[in-house]
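Q: Position one of the sequence shown corresponds to residue 1 (my numbering), numbered consecutively onward.
Hints may contain errors.
[Said to hold, decoys possible] For each label pair, taking beta carbons as the anchor points, the in silico distance ranges come out as:
hint, residue 1, residue 2, range
1, K23, G405, 52 to 58 angstroms
2, F46, V446, 15 to 21 angstroms
3, K122, R20, 15 to 21 angstroms
4, K408, F97, 16 to 22 angstroms
5, E212, K122, 26 to 32 angstroms
6, R247, D454, 43 to 49 angstroms
7, D7, D169, 31 to 37 angstroms
[Unchecked claim] BS3-like mimics (lysine-lysine), calculated; alpha carbons at most 25 angstroms apart, straight line:
hint, residue 1, residue 2
8, K444, K25
9, K17, K462
10, K69, K233
11, K444, K23
12, K69, K122
13, K144, K182
14, K463, K11
15, K214, K122
16, K11, K444
17, K17, K408
18, K462, K408
19, K11, K23
20, K462, K3
21, K463, K408
22, K182, K195
23, K195, K217
24, K11, K410
25, K463, K17
26, K122, K217
27, K195, K219
28, K410, K17
29, K3, K408
30, K462, K444
31, K410, K23
32, K444, K410
33, K219, K122
34, K69, K433
35, K69, K108
36, K23, K463
37, K17, K144
38, K410, K25
39, K462, K25
40, K155, K108
Calculated from the structure, these hints are not laboratory results.
If you're wondering where the values come from, they're calculated on a predicted model, not measured in any experiment.
Think of the CB as a built atom: it goes at the ideal place given N, C-alpha and C, for glycine as much as any other residue.
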Amino acid sequence: MNKQADDAFSKGLLLEKEARFQKAKAIYEDIFRHVNDEAVLEKVRFRMEDMDDLIAEKAIYRRIDENAKRVLTEIGVNVVENQTLMDLLMEADAVDFDNETALFIPLKRDYIDHCLEQVPRKMAGDPGMNTFGTGATPPFLKRKGDEELRPANRKEYEEIVLTVGEQQDIAGIFSLPVACDKSISHFEIAQLMEKSYQGLKMITSHAMSDDEVKFLKGKNDWMDGTSLITSLKPMNNMVDSFLRSARTGNNLLLIDQSMAGISAPVSPESFLTQNHAQVIFMMVIAQTVNPGISCIHCGIPSVMGADGNLSYSSPHQTFINAALARVNTWITGFPSAQTGGSTSLPHVTPQALTDSELSRNALRKYGVHILRHAMGALGNLNFFSLEKFLEDCERERHSRMVFDGIPKDKGMIPMYFPNDDTTLEGIREIAEKGNPRDAEHTLKNVDSFRQWEDAINQAARKKIYYPQLNDVVVNAIQSVV
1 MNKQADDAFS KGLLLEKEAR FQKAKAIYED IFRHVNDEAV LEKVRFRMED MDDLIAEKAI
61 YRRIDENAKR VLTEIGVNVV ENQTLMDLLM EADAVDFDNE TALFIPLKRD YIDHCLEQVP
121 RKMAGDPGMN TFGTGATPPF LKRKGDEELR PANRKEYEEI VLTVGEQQDI AGIFSLPVAC
181 DKSISHFEIA QLMEKSYQGL KMITSHAMSD DEVKFLKGKN DWMDGTSLIT SLKPMNNMVD
241 SFLRSARTGN NLLLIDQSMA GISAPVSPES FLTQNHAQVI FMMVIAQTVN PGISCIHCGI
301 PSVMGADGNL SYSSPHQTFI NAALARVNTW ITGFPSAQTG GSTSLPHVTP QALTDSELSR
361 NALRKYGVHI LRHAMGALGN LNFFSLEKFL EDCERERHSR MVFDGIPKDK GMIPMYFPND
421 DTTLEGIREI AEKGNPRDAE HTLKNVDSFR QWEDAINQAA RKKIYYPQLN DVVVNAIQSV
481 V
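Please model the entire structure based on the sequences and the hints provided.
A: This is the structure:
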């Protein structure tokens, strides 16, 4: 009987991993009805405490996915001044001309669904869940003992590429880590990366020539980082390079860098809904010009500090990115890339390293797919440091060993994601006013991230999952005890 109970419990854990929480709950309830072994029942009680919270959380993510499509069909995207995109959508018969209430250009729902069905759900070069690496293109290279701020030159980039290549056991994705000066081009950097690094790589191709862009075509270990819209409006300087990448057939990393309260709403649900809508719009455009092209959902929502700057040391940055990862891993099935593991601090200090470690550990605990900016970045992505990169790799090796030694019966951890029943109204209001700062929806939700953090902390006081590890939540609790 114990073996049957253990097998049933293992099946419940597997269902949790697949985000099939209703079925996992049914298995656990069945164990309660038929098993008397207290050791088994104790493990089941531990999991049952989370089932209703996980079911409710998944329902919100499903609503985010649905409402993101409604943003495109009921509010629309302001493409009217971009003739290239307007012509493209009209030729595809994608515009809903019968909609008289949309603010901008609404898309037909069946066309959105048709395009999303064509997006591959698998990456040929997928490095797997919880893959951490470099990312972004910070403007400055942080040099030990040198306070002058400037991009990396050719010699320094050669050293960066070789160093990252030597850490491939830890750095699972090599995104362009820092800006370069005129001594080396993005194409030349890509060639260096190709030579020294065998794993998944990403570079932005907008500065490349037409022939150079083709370097990425047909390569499963390369992604072309590109973007198209922000604040429900195209970035006109990105349209041509976006379409060129899509038509070339490169694997597209579709980047939406929305910022809460700046270019998007501030409530977590409305924030993710707009971010998700904008990535879906990019997918629609990509599939329109090249059906079946690989698209990686790189919604990387960012939170702001009280000073109006990005706040990568804040646990809120970790929470919102982990939640968007779950939208994709639990609901859409799209390959997903998030951001985290960095710090707001501009120098390589013990606290900066701890900031990054805590964020990485929490993101792994909740589960992400591909995580950019996780190692080497400083100062809210303003700096890249090889010194910090190597320190981050060493800490990451230790964290992996600890996680590998943790019992595998913990199950999925709820994030207690807060709901916002006024999501669509809030996004419409902000779109009408052109700015989230003056919106009533913003004022009503100004404290929503802190309340979400409080909910996570209160739950963690009752139930600590990984006492062996430093943890964003545990750390926050200890700071107030």
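Q: Give a verdict on every hint.
A: Structure-based check of all given hints:
At about 29 angstroms, the CB distance of K23 to G405 disagrees with the hint of 52 to 58 angstroms. About 36 angstroms separates the C-beta atoms of F46 and V446, a value inconsistent with the hinted range of 15 to 21 angstroms. The hinted range of 15 to 21 angstroms is satisfied by K122 and R20, whose Cβ atoms lie roughly 19 angstroms apart. With their beta carbons about 54 angstroms apart, K408 and F97 fall outside the hinted range of 16 to 22 angstroms.
Between E212 and K122, the C-beta spacing of about 28 angstroms keeps the proposed range 26 to 32 angstroms intact. For the pair R247 and D454, the supplied restraint of 43 to 49 angstroms holds, since their beta-carbon distance comes to about 48 angstroms. Distance hint check for D7 and D169: the Cβ-Cβ separation is about 34 angstroms, which falls inside the suggested range of 31 to 37 angstroms. Proposed proximity of K444 and K25 is contradicted: the alpha carbons are some 35 angstroms apart, above 25 angstroms.
Proposed proximity of K17 and K462 is supported: the alpha carbons are some 23 angstroms apart, at most 25 angstroms. Proximity of K69 to K233 is assessed by CA-CA distance (about 16 angstroms); at most 25 angstroms being required, the pair is judged to hold. Under the criterion of a C-alpha separation no larger than 25 angstroms, the hint pairing K444 with K23 is inconsistent with the structure, at around 37 angstroms. Using a Cα cut-off of 25 angstroms, the hinted pair K69 and K122 holds, with the two alpha carbons roughly 22 angstroms apart.
For the hint pairing K144 with K182, the CA-to-CA distance comes to about 22 angstroms; that is within 25 angstroms, so the pair holds. A hinted pair counts as satisfied when its Cα atoms are at most 25 angstroms apart, and K463 with K11 qualifies at roughly 23 angstroms. For the hint linking K214 to K122, the alpha-carbon distance of about 22 angstroms falls within 25 angstroms, and the restraint holds. Under the criterion of a C-alpha separation no larger than 25 angstroms, the hint pairing K11 with K444 is inconsistent with the structure, at around 43 angstroms.
A threshold of 25 angstroms between alpha carbons decides the hint, and for K17 with K408 the separation of about 11 angstroms falls inside it, so the pair holds. For the proposed pair K462 and K408, the alpha carbon gap of about 20 angstroms is at most 25 angstroms, so the pair holds. With a C-alpha separation of about 10 angstroms, the suggested pair K11 and K23 falls inside the 25 angstroms cut-off, and the hint holds. Distance hint between K462 and K3 is unfulfilled; the C-alpha atoms sit about 30 angstroms from each other, more than 25 angstroms.
Simply put, K463 and K408 have alpha-carbon atoms about 16 angstroms apart, close enough for the 25 angstroms limit, and the pair holds. With a CA separation close to 21 angstroms, the supplied pair K182 and K195 stays within the 25 angstroms bound. In summary, the hint linking K195 to K217 is supported, as the alpha carbons are separated by about 16 angstroms, within the 25 angstroms threshold. With a CA separation close to 13 angstroms, the supplied pair K11 and K410 stays within the 25 angstroms bound.
Distance check on the hinted pair: K463 and K17 sit about 19 angstroms apart at the alpha-carbon level, within 25 angstroms; holds. Between K122 and K217 the alpha-carbon distance is near 17 angstroms, which keeps this suggested pair within the 25 angstroms criterion. In summary, the hint linking K195 to K219 is supported, as the alpha carbons are separated by about 14 angstroms, within the 25 angstroms threshold. Distance restraint check for K410 and K17: the Cα-Cα separation of roughly 11 angstroms lies within the 25 angstroms cut-off, and the hinted pair is therefore satisfied.
Between the alpha carbons of K3 and K408 the distance comes to roughly 17 angstroms, so the proposed pair stays at or under 25 angstroms and holds. In summary, the hint linking K462 to K444 is not supported, as the alpha carbons are separated by about 29 angstroms, beyond the 25 angstroms threshold. Straight-line distance between C-alpha atoms of K410 and K23 comes to about 17 angstroms, which keeps the hinted pair within the 25 angstroms bound. The hinted pair formed by K444 and K410 fails the criterion: a straight-line CA distance of about 36 angstroms is larger than 25 angstroms.
Taken as a hint, the K219 and K122 pair is honoured in the structure, with Cα atoms around 15 angstroms apart against an allowance of 25 angstroms. Note on K69 and K433: the hinted pairing holds, with a Cα-Cα distance of about 21 angstroms set against a maximum of 25 angstroms. Under the criterion of a C-alpha separation no larger than 25 angstroms, the hint pairing K69 with K108 is consistent with the structure, at around 10 angstroms. Restraint check for K23 and K463: the C-alpha separation of about 23 angstroms stays at or below 25 angstroms, so the hint holds.
Between K17 and K144 the alpha-carbon distance is near 43 angstroms, which puts this suggested pair outside the 25 angstroms criterion. For the hint pairing K410 with K25, the CA-to-CA distance comes to about 14 angstroms; that is within 25 angstroms, so the pair holds. Simply put, K462 and K25 have alpha-carbon atoms about 21 angstroms apart, close enough for the 25 angstroms limit, and the pair holds. Distance hint between K155 and K108 is unfulfilled; the C-alpha atoms sit about 51 angstroms from each other, more than 25 angstroms.
The structure shown violates the earlier hints numbered 1, 2, 4, 8, 11, 16, 20, 30, 32, 37 and 40.
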